[in-house]
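Asks: Residues per chain are reported as follows:
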Amino acid sequence: MSEAPGQTLRALRDAKPLVHNITNYVVMNETANATLAVGALPVMAHAEDEVEEMVGIAGALVLNIGTLSEHWIEAMLLAGRAAGARGIPIVLDPVGAGATRYRTETAKRLLDELDVTILRGNAGEVATLVGVEAEVRGVESMGGGGDPAELAREAARALGVIASVTGPVDHVSDGERVLAVANGHELLAAVTGTGCMSSAITGCFAAVRPDEPLAAAAEALAAFGVAAEDAARAASGPGSFHAGLYDALAALDPATLDARANIS
Amino acid sequence: MSEAPGQTLRALRDAKPLVHNITNYVVMNETANATLAVGALPVMAHAEDEVEEMVGIAGALVLNIGTLSEHWIEAMLLAGRAAGARGIPIVLDPVGAGATRYRTETAKRLLDELDVTILRGNAGEVATLVGVEAEVRGVESMGGGGDPAELAREAARALGVIASVTGPVDHVSDGERVLAVANGHELLAAVTGTGCMSSAITGCFAAVRPDEPLAAAAEALAAFGVAAEDAARAASGPGSFHAGLYDALAALDPATLDARANIS
Amino acid sequence: MSEAPGQTLRALRDAKPLVHNITNYVVMNETANATLAVGALPVMAHAEDEVEEMVGIAGALVLNIGTLSEHWIEAMLLAGRAAGARGIPIVLDPVGAGATRYRTETAKRLLDELDVTILRGNAGEVATLVGVEAEVRGVESMGGGGDPAELAREAARALGVIASVTGPVDHVSDGERVLAVANGHELLAAVTGTGCMSSAITGCFAAVRPDEPLAAAAEALAAFGVAAEDAARAASGPGSFHAGLYDALAALDPATLDARANIS
Numbered sequence: 018m019s020e021a022p023g024q025t026l027r028a029l030r031d032a033k034p035l036v037h038n039i040t041n042y043v044v045m046n047e048t049a050n051a052t053l054a055v056g057a058l059p060v061m062a063h064a065e066d067e068v069e070e071m072v073g074i075a076g077a078l079v080l081n082i083g084t085l086s087e088h089w090i091e092a093m094l095l096a097g098r099a100a101g102a103r104g105i106p107i108v109l110d111p112v113g114a115g116a117t118r119y120r121t122e123t124a125k126r127l128l129d130e131l132d133v134t135i136l137r138g139n140a141g142e143v144a145t146l147v148g149v150e151a152e153v154r155g156v157e158s159m160g161g162g163g164d165p166a167e168l169a170r171e172a173a174r175a176l177g178v179i180a181s182v183t184g185p186v187d188h189v190s191d192g193e194r195v196l197a198v199a200n201g202h203e204l205l206a207a208v209t210g211t212g213c214m215s216s217a218i219t220g221c222f223a224a225v226r227p228d229e230p231l232a233a234a235a236e237a238l239a240a241f242g243v244a245a246e247d248a249a250r251a252a253s254g255p256g257s258f259h260a261g262l263y264d265a266l267a268a269l270d271p272a273t274l275d276a277r278a279n280i281s
Numbered sequence: 018m019s020e021a022p023g024q025t026l027r028a029l030r031d032a033k034p035l036v037h038n039i040t041n042y043v044v045m046n047e048t049a050n051a052t053l054a055v056g057a058l059p060v061m062a063h064a065e066d067e068v069e070e071m072v073g074i075a076g077a078l079v080l081n082i083g084t085l086s087e088h089w090i091e092a093m094l095l096a097g098r099a100a101g102a103r104g105i106p107i108v109l110d111p112v113g114a115g116a117t118r119y120r121t122e123t124a125k126r127l128l129d130e131l132d133v134t135i136l137r138g139n140a141g142e143v144a145t146l147v148g149v150e151a152e153v154r155g156v157e158s159m160g161g162g163g164d165p166a167e168l169a170r171e172a173a174r175a176l177g178v179i180a181s182v183t184g185p186v187d188h189v190s191d192g193e194r195v196l197a198v199a200n201g202h203e204l205l206a207a208v209t210g211t212g213c214m215s216s217a218i219t220g221c222f223a224a225v226r227p228d229e230p231l232a233a234a235a236e237a238l239a240a241f242g243v244a245a246e247d248a249a250r251a252a253s254g255p256g257s258f259h260a261g262l263y264d265a266l267a268a269l270d271p272a273t274l275d276a277r278a279n280i281s
Numbered sequence: 018m019s020e021a022p023g024q025t026l027r028a029l030r031d032a033k034p035l036v037h038n039i040t041n042y043v044v045m046n047e048t049a050n051a052t053l054a055v056g057a058l059p060v061m062a063h064a065e066d067e068v069e070e071m072v073g074i075a076g077a078l079v080l081n082i083g084t085l086s087e088h089w090i091e092a093m094l095l096a097g098r099a100a101g102a103r104g105i106p107i108v109l110d111p112v113g114a115g116a117t118r119y120r121t122e123t124a125k126r127l128l129d130e131l132d133v134t135i136l137r138g139n140a141g142e143v144a145t146l147v148g149v150e151a152e153v154r155g156v157e158s159m160g161g162g163g164d165p166a167e168l169a170r171e172a173a174r175a176l177g178v179i180a181s182v183t184g185p186v187d188h189v190s191d192g193e194r195v196l197a198v199a200n201g202h203e204l205l206a207a208v209t210g211t212g213c214m215s216s217a218i219t220g221c222f223a224a225v226r227p228d229e230p231l232a233a234a235a236e237a238l239a240a241f242g243v244a245a246e247d248a249a250r251a252a253s254g255p256g257s258f259h260a261g262l263y264d265a266l267a268a269l270d271p272a273t274l275d276a277r278a279n280i281s
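As you go down the protein sequences, you meet chains P, G and C in turn.
According to my numbering, the stretch in the first sequence is residues 18 to 281, in order.
According to my numbering, the stretch in the second sequence is residues 18 to 281, in order.
According to my numbering, the stretch in the third sequence is residues 18 to 281, in order.
Bound conformation, chain P alone:
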């Protein structure tokens, strides 16, 4: 199934899918640039007047609750329903779920009311959403949720999604199988929005593999992780790593991705 992330990457660059993001203010530029670098086309639009029309020309929808307010939630619901009606994948990033009730409840509401395809979060966020004790400080997971492979499986079953739980090793599950992705670099934790970028890239991969969201989610994390490994080699710290991450995403070639993706 996940034997060929390079093939998905090649398909992505051929199709250049439009990925509609309704995301937080902190990472808009960065997720748009990550999307461009991997080979897709980003569009950011949040007005209730246009989100349904915009999602109508998109190949995937990425919802990210990092800086919420009321109008944005309404826009996410409108866009999400339109995405569901068209059958395009929806990726939800529940940034900071567990840190405040507002975030937890909004993430739950989006999961309830929309046909979310892939939930991409850290262990604390995902554990919160399946009702497991977890510690979330702001937007950082302080752990919790126990074994991350089991957490991914449980979240997938309980929430009816592909659960993509990122951490030192990522775990992606459809409720039955669990794929572990062991790519990445610790410098990812030193740059804000890298989790959000991984969600955006998950949307790009899902757009070209809508019928295999488990594979798409794992392959996206492998691609992002391999790019991070490349960027880290040339980096002197978080600033140069951040700039290098876009270079590495753009330079990532399918054969290299196949050779280095560590999905098991």
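Please keep in mind that the hints were generated in silico from the structure rather than gathered at the bench.
Just so you know, not all the hints are guaranteed correct.
[Claimed, not checked] Here chain P is said to cover these stretches of chain C; the calculated rule only asks that three of the stretch's residues, wherever they fall, bring their Cβ under 8 Å from a Cβ of chain P:
| no. | segment |
| --- | --- |
| 1 | 45-57 |
| 2 | 69-80 |
| 3 | 147-154 |
| 4 | 256-263 |
Computed from a predicted structure; not experimentally measured.
Glycine included, C-beta positions come from ideal geometry on N, C-alpha and C.
Could you slot chains G and C onto chain P? The hints should help.
Replies: Frame of chain P; chains G and C shown alone:
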């Protein structure tokens, strides 16, 4: 007319005009940094309570509809009327016009109600606004509008603006003359917001050459394009190109700009 | 008192305090990354529904009025009262006070209604808030306020805060003592949001030294200034300086900071 973009750049750095941007969330930081790097002072302000006062101390106003919502449109109208009353140049960037009705109609409304000096967009966006068939995917032009020189001339006539249509070669027209600007680099398309940056820099140049907006628009694109050529030489991909673009804008000297500007 | 900024930096990295920022759209990513690079955890949240809860788990609150609108002011007041009730430090950055009445009045209102610990601004902004004639162009201080050491002392007395007035040399005062901080580099003025970053880092330092805000404010500026000196050495212009600033903040070690901090 456009024989001396270096002179305008020199004037810009001497005057350090304040350029008021009401722009989208994705590119606020990047357009502010591009404005600073070329030698002007950016200010971002969108509250209806202050935009008229802010534009009252500015040398140009840049309106960008990349992430619209109702209050922002009202603020653009208030600021635009105040700019018109003061006679300072208004640059409009109709990001994504053609992708959704909301964007198309908002761009048309701003053109109707305000005395827009320069319209800076890609071929798809500008074609949409003059009623020519075009394909716009999100915020990307997929072409359309036919011959870009004719599109610029027609847009300038139909809309009563200086039309600045960017692409592999840029075309700027006042409805009579058409200037072609053949500077730039393909890496510009790999970084989000470079179109928005070119609009912001157009505002900087227009601020110091308010009576010659055709020349200002062409010179701004030449300056941005030459800086992009310099940044591309040292770049390993979109991330290092992006960081290098600010270095190159700041390092651009008037004599180099005169020597390398390819305006015809 | 300020003999050991390295000790505060060490404490900061051990404690990794969560710093809640309600800040402007232009610098959200950059202030979050500066906060991470120095060793703290940033969180950006502005919804009235969650700011009190979020500040309840934070070690400091940073308020920045760079892109105001009504809901944001309400959120700042709610968060600020909750911070005051918990006794955690509040840093206020009055971006553009003096440029428009809206900004000046909002900054004054926040100072009146909240127990602001540290006011971090440029000379023009701070002078405006103590009623001294100053010229502020957009968000840039054109000088004013006379002797900056006296301005800091006067602002501290008049406003009941630690006044942290940044410029070529920074001056920090509690109304009695005035500390001058002579670190930094002129490239800081070439990148947007570096003032906002210094406010964010002031929040990080204040979070681990809440009982000594005068020292914390001066040490934060020294740390940021030393990092800027390091970043400038390797920079080719504002873009590479900007990326290098995060590298330098992350690489800054306590002994180096103690050796090079120029606080008198």
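Asks: Each hint should be assessed against the structure and marked as holding or not.
Replies: Okay, the hints, checked on the actual structure:
no., hint, result
1, 45-57, "holds (count 6)"
2, 69-80, "holds (count 4)"
3, 147-154, "violated (count 0)"
4, 256-263, "holds (count 5)"
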